[in-house]
Each structure stands twice: as C-alpha cells, then as structure tokens.
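**Q** These protein sequences, in sequence, are chains D, W, Y and V. Under my numbering, think of the first position of the first sequence as 1, with each following residue one higher. Under my numbering, think of the first position of the second sequence as 278, with each following residue one higher. Under my numbering, think of the first position of the third sequence as 555, with each following residue one higher. Under my numbering, think of the first position of the fourth sequence as 865, with each following residue one higher.
Think of the hints as simulated: they come from the structure by calculation, not from any bench. Being a predicted model, the structure only gives us computed values, none of them experimental. Watch out, some of these pointers could steer you wrong.
Computed far set for chain V versus chain Y, every beta-carbon distance over 12 Å [claimed, not checked]: (1) 867; (2) 870; (3) 872; (4) 937; (5) 942; (6) 969; (7) 981; (8) 1039; (9) 1066; (10) 1075; (11) 1085; (12) 1141; (13) 1149.
No farther apart than 20 Å at their CA atoms in a straight line, the calculated lysine to any residue pairs in the SDA-like style are these [said to hold, decoys possible]: (14) D:85 with D:57; (15) D:12 with V:900; (16) W:529 with Y:764.
One-sided and incomplete, this derived list gives chain W residues near chain Y with beta-carbon spacing under 10 Å [unchecked claim]: (17) 283; (18) 284; (19) 289; (20) 336; (21) 339; (22) 443; (23) 476; (24) 494; (25) 498.
Built from N, CA and C at the ideal position, the CB exists for glycine as well.
Chain by chain, the residues:
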Amino acid sequence: MVAETPVNTDWKIEDGVVVENGVVGPENGDIGRVVIEAPGVVAAARPGHFVMLRTWEGEPFLPRAMAPLSYDVASGRMEIFYRIKGPGTRAIARTHPGEIARVTGPLGRPVVEDFEGRRVALVGRGVGITPLLPLAEHIVAKGGEVRAYLSARTRDYVFGHDRFAALGPVRVRVDDEDGDEALVTDALARECEGYRVDAVYGCGSWRLTRAAEALGVSHGFPSYVFLESKMGCGVGYCKGCPARLRNGDGYKLVCVEGPVFPTREVELSDPVHGPPE
Amino acid sequence: MVAETPVNTDWKIEDGVVVENGVVGPENGDIGRVVIEAPGVVAAARPGHFVMLRTWEGEPFLPRAMAPLSYDVASGRMEIFYRIKGPGTRAIARTHPGEIARVTGPLGRPVVEDFEGRRVALVGRGVGITPLLPLAEHIVAKGGEVRAYLSARTRDYVFGHDRFAALGPVRVRVDDEDGDEALVTDALARECEGYRVDAVYGCGSWRLTRAAEALGVSHGFPSYVFLESKMGCGVGYCKGCPARLRNGDGYKLVCVEGPVFPTREVELSDPVHGPPE
Amino acid sequence: MKAELATDVGPLRLKNPVMPASGTYDWFGRDPEQVSADSFGAVVTKSVTLRPQAGNPPIRVAETPSGMLNAIGIPSVGIEEFLEEVLPQYHALDPPVIVSVQAYSPRECESMLARLSEQPRVDAVELNLSCPNLAHGTITAQSARLSAEMVAAARGATRLPIVAKLSPNVTDIAEIARAVEEVGADALCLINTVKGMAVDVETRQALLGNRSGGLSGPAIKPIALSMVWECYQEVDIPIVGVGGIATAEDALQFLLAGARAVQVGTATFREPRSLARIIAGIEEHLAQDGLHSVGELVGWCHKGRLTVGS
Amino acid sequence: MKAELATDVGPLRLKNPVMPASGTYDWFGRDPEQVSADSFGAVVTKSVTLRPQAGNPPIRVAETPSGMLNAIGIPSVGIEEFLEEVLPQYHALDPPVIVSVQAYSPRECESMLARLSEQPRVDAVELNLSCPNLAHGTITAQSARLSAEMVAAARGATRLPIVAKLSPNVTDIAEIARAVEEVGADALCLINTVKGMAVDVETRQALLGNRSGGLSGPAIKPIALSMVWECYQEVDIPIVGVGGIATAEDALQFLLAGARAVQVGTATFREPRSLARIIAGIEEHLAQDGLHSVGELVGWCHKGRLTVGS
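For reference, chain D alone in the conformation it holds in the complex:
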C-alpha cells in the first residue's frame, strides 16, 4: 500500500486575498464564485490539483477542499465555484473582497500525461465541471483535442462554458430546459460513432461518469474520474478521504493518491450517504 509514485509534498500555505466573491445565477441561489489572489499556489498548479481553502477564523475547524475552474499565472488569481451547503461554504460566502483566504496547495497528483494528438472527452456536472477546464487547457496546449459534455441544473451553472467553447466543441444539457432524464453523455455516445475518442474524464456525477465509462468500455478507450471527498487535511496526514477500490480491495486516499483515478480502479458510487459537500 506504499505509494508507488512519491506523495506530493510540494505544496505551500499561502495567505491569499479575496478579490471577488458573490452568488452566481439567481440571488438566492446556492452557488458561489470566489476569486482569490494567491500567486505562489497559482504558479505551481497543474490540471488535477486541488486546494484546501479557509476564509474564516474559528469555526468550522477544518478547511474545505476546492478544485478551481481556472488559474491565471499573470494575475496570480484562481477562480473557484462552490456549492453553499454547510458552515464552511456559508463562511466562504460571507467573505468580502480584501479579506484573507488561507490557501494550501496545490494538492493531489496532477494529470501529467502527454496529450499530443490525443482526443479527449470531458464530462462534468455542476461544480464538478470546474476541475475539467484546467485539464482542457492543458490538453490543447499539449497538442490534443477536447470535447466538453457539460451538465447542470440551469444554464447559470454551466461554469466556464465560453472558455470550454474556445477550446473545442461543447455539448450542454441543463435540467430546467432539457429535463433531468436527458444525459449529456447521450451526445457523447452518438459522437463516438463517427469520431475517435482516446480518453474520457468525468467529474461531478456518478451517473454521467458511469455512462462515460460504459462508452469507453464499448469503444475501447480508457476513462478517468475526478473524485470529490470530504477531507480532514487534504495533505495525506489524516487518511480521512478513502476511495473504495473495486472488488473490495481496500481504499486509496483521494487527497494524495488522487483526486484523478482510472475508473477501473475505484467504485463509481456514492460513499454511503449521498454526495459529499
């Protein structure tokens, strides 16, 4: 069970500054967007990385794991979308520009493959869309092609839509227009017929990731999943974020062995109690 590639210890703790913060979409909505200036972490971030974020003193005790939509090295800023659900994300929502955001990162294992000439499908839903954008940019920068399949409750929550569109074709399904029975992976299924796909990455929906995996199996391409998990520390100390391995073969830690796993390795279902925050 000793990690075969070294655990990421190249993270830093940085007192970033909140630059923008507010609710996305309808005013009483439950999705926030915060922009944080933390140049040290931003400069080191690669696709697949995440950060631990704390914008409050006192309670709650633990920081929150977040996967930014984008990192801008020039401005030193990262952009994070978060679902306002518990005391931590409510505290983030209350934060004002100019206030300090303690950021620990970049954390986890980045996606470092060479994408030259490779065609990659990205399947995301809700805030699970966000870690796919840095990957999309990386793939294109490395000479690959991307197609994004994005799903959300409403059009407001298709985060980074235009930026995905600048990188390749985008298919979108939103519940309130298309119904929540419609799967954005149906579009991927159709397109797989006439287009070679070399890999798919899913995030934010077990159902969509399972559908993507099934397409990979039938068309012969590998599939990967970005896992989300409640975390204690994010850095490998607490062992609190296990991903169940397939066939009951124990666990891997999302924080230091993930967050990206080949779908053949991990169970694609909810860890006991519904989606983590």
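Based on these hints, arrange chains W, Y and V on the given structure of chain D.
**A** Just chains W, Y and V, lined up with the frame of chain D:
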C-alpha cells in the same frame, strides 16, 4: 436564600445595530468604545443595570456582560467601553458599524433609592468608571449632588470625564502623570473633612473601593460596590457569578442579586485569580 | 397537516419533546416576555438537596472551545424551603414539573422523595446521580451498584416517574443504564456534564474555584449522541437526550439516535430563546419531511440505512 | 538569555516538548518547505499493526463543534512492510522516532516489539491501547488488567522506552495509569480520542461509515487537561499530554497541569504549521516570564496558588 425582592425578569433580547466602534486613546491600546442602537433595552435601562452583549456568530460561546457609560433614550443608543482582553472582547473590537449586536437587558437590580438632598461620592477606575455615569445623572435628576473620583492608567481612559464634570466636581488621578501610588480616594478623604457625604459607590478597583469603604466607616456613611464578574448567562439561570459574602456566609449572585451591593455584605477582594475580564 | 409534537417519556406525557436541562433555566415566578416556560415540553427545576448548601466558591464558570465548564456546586435552599417557597410558584405553570433531586445517600434520597410525593405539583423526579457521594468517596453514577441502590431507594419511596440522570465518565454507560432500569427507573437522562478542567496560564493555576468542573455545550454533543445510541440498544426504558443541543437539527439527531425527548442546557445561556426556537424547528422539520409525529423519528438510526439515490 | 526547551520523557531526551500525535502527521520522505519534522521534539509514526489492514469504509471523518470525529480504522501496511519500506525513510530525520504500535493481543505486541527492538532508528514505542481488542471483545485501555497485560508483554520484549497511550473512556483513568506504571511503562500518553458519534439528519443515519468514532480537537481539551492533572498526582512516570492542543497557550496549560511533553493532532489538519508555531510560542512565553526551562512549568498547578495582587 430565596431572593427577598423579585428577580428582574423584565429584560428583553434585542438585535441592536453597531453605530460606532473603535479603539480609544492610542491606536494599539486595549480599550474599545462601541455605540449600539437598541432602543428597547435603552428605554428600560436604569442606573445599576448591565447588559449581555454578543456581536459575533460562533465562538466564543457565551455573550459578555457590559455596563454602559450612557443610555440615550432619544437616539435609542448606548455607549460601552470595553477592555480588549479575551476572545469575546476581541470579537467586539472586530465588529463594524451596521453589524448586528445582540443585546440582552437591562439586567440586574437597578439603584432605585431617592436621592433628594443627598450627597453622593462616586469612585471609579478604568472601565469600572462607566456604570457610575448613569447613576450620577440619576442622582442629580433626583435632586442630589455628586462628586466623582476617577482613576485610570492614562487620561484617555477617564471615560465620560466631561459628562461627570457637568454634574458636579470631578477629581482625577491617572497613573502615567500622578504615579500609581496616588489614590484618588485621598482627595475624597480630604474633602470628607469639610463636606458631608451621604453615600459612596465604588467600581473597578478593589483597592479604591476598600479605601472608600474605610472613609464611610470613619465618617459614618454607607458604601456600595458595583461588582463585575465573569458570567455565564447574566439572567440568573446558571448561578455562575457568585459574590462571596462576608464572614464566609455563602454567596449572592452578581447578576440577579447585584451588581450593586452594600460593601458590608460582600468581600472586597479578588475572586481567586485576579480581576475578571 | 400539523405534525404531532407530543411524546411520552414512560408514564410522562409531554406536549413536545423539549425541556430545559436542570440548572440551566429558572422559574422566578414569571418569565421575560420572550421566554415562556409554558411553551416547554416540561420544566425541570435546579437540583434540590436535603439540607441547604451554598455552592462552590468562585470562579464557577469558564468558557472552553464550543462549550463551558461549570463548577457551580448545586447551591440549594434545602428540601423544606424548596417545598415551602419555591415549588408553590410552579403551580402557575402549565407543563409537567420535573424536580431534580441531588441526594448524597439512598437514605437522603428516600426522605426527599417521600416529601416530594406528597406534593400535588410534582410530575416526575430526575435523580442527579453524578455528584460525589460523600459516604462512599465516589460518584454514584460511576458505579452500577451505587446507582442501583440510589434508584431503588427512590423507587421504594415514590410512585412518581423517576428519571435517572447518568454520568458520561464511565467505562460502560450501558452497564449503569441496565442497573438502574432493573431497579425501576422509568427513564434515563443522558448525559450529565463531562469532567474537565481549565488552566489559567497567567496565574499558573486551575481556573475554577473547585479546580475541575463539568464540560457542557456543543463540544460534548458527539459524546452524548454516542451514549444515547448505545443505551437505546441496551435498555427498554425511554431516554431523554442532553448534551450540547443548541439547534433543532441537534435535537433531531438525538431523536434519531433514540431519545424520546431532549433537554437544552448551555445553549440557553447564549440565547435564552433556544427552547422555543428548537420546538419550532422540530415542528417545521416534521412538516417538511411529511412526518406525522415526533415518535416516528425516535431511534430511526437503528433501523438501518435508507437507500440513497445517485 | 534563551530558555531551555529540552525536556526528558523518562529515558527519552527531546530538544523541545512538542511532537505530532500519532496519525496526524506523516513523513513522506520529505516535508513541504513550511513544515519541517526536523524541528519537532520527536516524530510519532501512524500506528502499525502486525498484519496489513485497510482501515474503515467511508465516511471516515466528520466535523463537530470545535473538533472532529474520525473513524479511520488504522490503515496499516503491516509490520514487515513497515520495517522494510517505511521506517528506513525516517533515517533522514533528526528527532527521535516514536513508533506507534497497535496490537490486538499481548502476543502480537511482543512479536512486533521484538522486531522493532532490532531497528537502529526506533527511539521509543507508543502503545495504542484504545482500539477494540478482538480477543476479549473489549477495549484494552478500558481494563486495567488488559492494559497491564499488554504493557507487560511489551516490557518483556524490548528495552526501548514504552509510552502507554490511554483512553479517556474509563471510569477511573488513574487506575489504568497505575496499572501500566506498575508493569514498566516508561511514560503515559493522555488522552486518546473520546468516543463520539454524528448523525446525519438527511439520511437519518450515523454519518460515519463505522457509526461511532473518536472525538478530537479543541472540544476535548478540558477533558484531556483534567486527566493529565489527575494522573500527575497518581503516578510517577512522565506524562505526554494530548487532546485539543492548537496553540502555545494550550500546550502551556498541559505543562502546568503536569505534562512533560505534548502532542499536537487535529490542529495540524487545520494548520500544518501548528507544531512550529507552538514551539516558537512556548519559547517566547518562557522568555517573557523569565523562566530558564520548560521543566520549571511542569506540574506548577499542583504547587498551590500564587498570591495575586489587587
């Protein structure tokens, strides 16, 4: 041990608003001044009353007992000076105008004697000066005379000086000009020789209150003390704020049986561990 | 449809499952306008002792992370003055009155309960078993035998419902729970405060006058929940859950873990309207979830998992 | 003058009194720039078991007021892989290495300690006595007899300093402390996590995969302090204090109550630089108070009160 006069249950809980807040005196000083608009509590307050104040969510868990310097019925505002010492007072210091201040009050037993024709000396030190001003105003309004004997570390901390001066003679001793050996009660001692004093009230210093009591004994006037205490609830539920009675005769509760006691009833010394916050 | 908030704690019928913890609310003959004991499921008096006692010297309370320590020491006017001066004031109140009793021996317990049984306005007694037992030099609630002796003495002296309040400072709470159930306790109250201490770095001494004290508040909620859960599986008598409840959600967690009613303590010190808010919150939650009564939730945790969709 | 931060925990000499709690820091062969285990008073490994084990299913951690619950379940590569793959990496570190050992029987304990005793880079062992004992169906640290058996087995197998880590979930912690002292423990580590539980109101089920878990963090500091205080009066071997320490002031409180060293656990999850900050804070406090060494503070609480001026 059942209270002989009814316990004050005429308090209310009011969401007041912070109107002003800042440090008094030098910028790095440890004394804050906050003005809170809470018209319901202000309208009901009498001399001797105090309030429980909480301007924060989350930690620390308990509100803080505060004795305002003044209540202004017209504006519905109260003015509180506080020593920034622990997590509660640090949280108050961080509060901005416009934010909510939860006020429970007025609490405790007010001073309701008739002061017609009576000459009262008031002896206070530091933030312990503040509960004496509402009393001074009350005495003068009721046809009595007041003389204030005020002591502080520096002149900045002689709270309400001008307002005391508008009501009667004021004697001041500040450590950094007069030395901390000088007692403001020495002035009271001298003046007692040529001036009839009918009562003295002390607050904020065991030493000064004991000196005032001694003068009362030798000149034949009663002395009273405003006690401060760490409190759980402030309203009589928790029994957490005992004042030691003289001769080991048990305790009275500062919150519902005080905060003002005749000095002959209670021990005038520190409850075990130094001055309460 | 309005959900049914009423709940039975053994022979005791409550109009809702929320009451103050002993020593954290006091009836002074009337309430402030915003706090009405008439809305409580029951009222619980502060503990009364046989003879008057003054309580502990200062400092009696200390704040801790998400909680507080107290070393109040049960100031009490003694049972006789309690019956004459204090209890009659409770006639004005609507909810059942639960008198908390602190006895230092089974004999004291017997004699206090005999006196209380004669009173028209006592609906149940809560036995505080957590204070040091002077006779044995140990704490009653830390011994199954001593706890059983105390409850048996109470049972022999009264037909009033007996609620046994247990201490969390034990190796095996279920052992104590079974012991008091066996000798006739009608209900358990879980848990009393957890032993704790605060040190003042300035004076380099224990902060509390009594050196150690009892920890309460949200900090201990996980401990209390665990003990309610465990005892629910081990005994048949109903459980009143207490320990760190500050919100309706907290109260619901205790109901789900197996409590039939809850007590709210330290939260009242922070916010005197806590009980009213928790009662309203429970009602709202039941309505939202389409439940007919509080009773449906009690012990749900033990039924096994719901299937959760993807 | 610089104050002396070094402290002895029995035969173990530490350059400062601050170390991580087992399972809350991990040495991955190197540290991030801002976290340096070389600055710690000691390093403590996560617990190793005889055979490999995977740990508990999710959910493993839950936040609670001022604390967290964990039900990690001691994932372990097993002692052989630990000795081959993990321990050699610790050679690169300067501070003493304390290996935390989780044995499910005295026999397992013996065999693991025999293996550890052969290693050049093991400076002490910490016995985690708080996990369920499979053989007896009870928790070792909840029984003086079982605890003594385990420590005696360890003592028979090694000359390494043995630190016995006790559980707070007992009626009488001093009884357990005396029992392990008698059979040769060199030091106590007080306290392990407190048993607790979280309930998810949405699913109406226990939140943790293992249902109950261990409560840690500032919430339990008063409980830990009280047990350190109590054991300091009851045993002669040194105490390592642990439970909710997040600041230098917290650490000082434990020293005053009688701990000779402290462990920092949950605070590291919030702020990975906690240990460094606590070490610096203790040094600053000693200088401010004109103290020459950490040792002067140890157990000061027990000396009686300072006279406090008016």
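**Q** All the hints need checking, so say for each whether the structure fits it.
**A** Taking the hints in turn, this is what the structure says about them:
In this structure residue 867 of chain V is separated from chain Y by more than 12 Å, as the shortest Cβ-Cβ distance comes to about 15 Å. Look at residue 870 of chain V: its CB is around 21 Å from the nearest CB on chain Y, clear of 12 Å, so calling it non-interface holds up. The claim that residue 872 of chain V lies off the interface holds: its Cβ sits roughly 21 Å from the closest Cβ of chain Y, which is beyond the 12 Å cut-off. The claim that residue 937 of chain V is not at the interface with chain Y holds, since no C-beta of that chain comes within 12 Å of its own (minimum 17 Å).
Consistency note on residue 942 of chain V: stated as away from chain Y, and its beta-carbon is indeed over 12 Å from all of that chain's, at 30 Å minimum. With a closest Cβ-Cβ approach of about 20 Å to chain Y, residue 969 of chain V is found to remain outside the 12 Å limit, as its non-interface label requires. Residue 981 of chain V, annotated as away from the interface, keeps every beta carbon of chain Y farther than 12 Å; the closest lies near 32 Å. For residue 1039 of chain V, the condition that its CB be more than 12 Å from all CB atoms of chain Y is violated, with the nearest at approximately 10 Å.
Once the 12 Å rule is applied to beta carbons, residue 1066 of chain V is inconsistent with being away from chain Y; the minimum gap is 9 Å. Consistency note on residue 1075 of chain V: stated as away from chain Y, yet its beta-carbon is not over 12 Å from all of that chain's, at 8 Å minimum. The non-interface label for residue 1085 of chain V is inconsistent with chain Y: the shortest C-beta to C-beta separation is roughly 7 Å, within 12 Å. Separation of residue 1141 of chain V from chain Y is adequate, the least Cβ-Cβ distance of about 16 Å exceeding the 12 Å criterion.
Its beta-carbon lying about 8 Å from the closest one in chain Y, residue 1149 of chain V breaks the requirement of being farther than 12 Å from that chain. Restraint check for residue 85 of chain D and residue 57 of chain D: the C-alpha separation of about 18 Å stays at or below 20 Å, so the hint holds. Using a Cα cut-off of 20 Å, the hinted pair residue 12 of chain D and residue 900 of chain V holds, with the two alpha carbons roughly 12 Å apart. At roughly 17 Å between alpha-carbon atoms, residue 529 of chain W and residue 764 of chain Y fall within 20 Å of each other, so this suggested pair holds.
Using the Cβ-Cβ criterion of 10 Å, the hint placing residue 283 of chain W at the interface with chain Y is satisfied: the shortest such distance is roughly 7 Å. The interface hint given for residue 284 of chain W holds, since its Cβ lies 4 Å from the closest Cβ of chain Y, which is under the 10 Å cut-off. With its C-beta approaching chain Y no nearer than about 6 Å, residue 289 of chain W sits inside the 10 Å limit, and its interface hint holds. The restraint placing residue 336 of chain W at the interface with chain Y holds, with a minimum CB-CB distance near 7 Å, inside the 10 Å limit.
Annotation: interface hint on residue 339 of chain W holds; nearest CB of chain Y at approximately 6 Å, less than 10 Å. The closest approach between the C-beta of residue 443 of chain W and any C-beta of chain Y is roughly 35 Å, which is over the 10 Å cut-off, so the hint fails. Evaluation of the residue 476 of chain W hint against chain Y yields a violated restraint, the C-beta minimum of about 27 Å exceeding 10 Å. The interface hint given for residue 494 of chain W is violated, since its Cβ lies 25 Å from the closest Cβ of chain Y, which is over the 10 Å cut-off.
Interface hint status for residue 498 of chain W: violated, as the beta-carbon distance to the closest one in chain Y is roughly 28 Å, over 10 Å.
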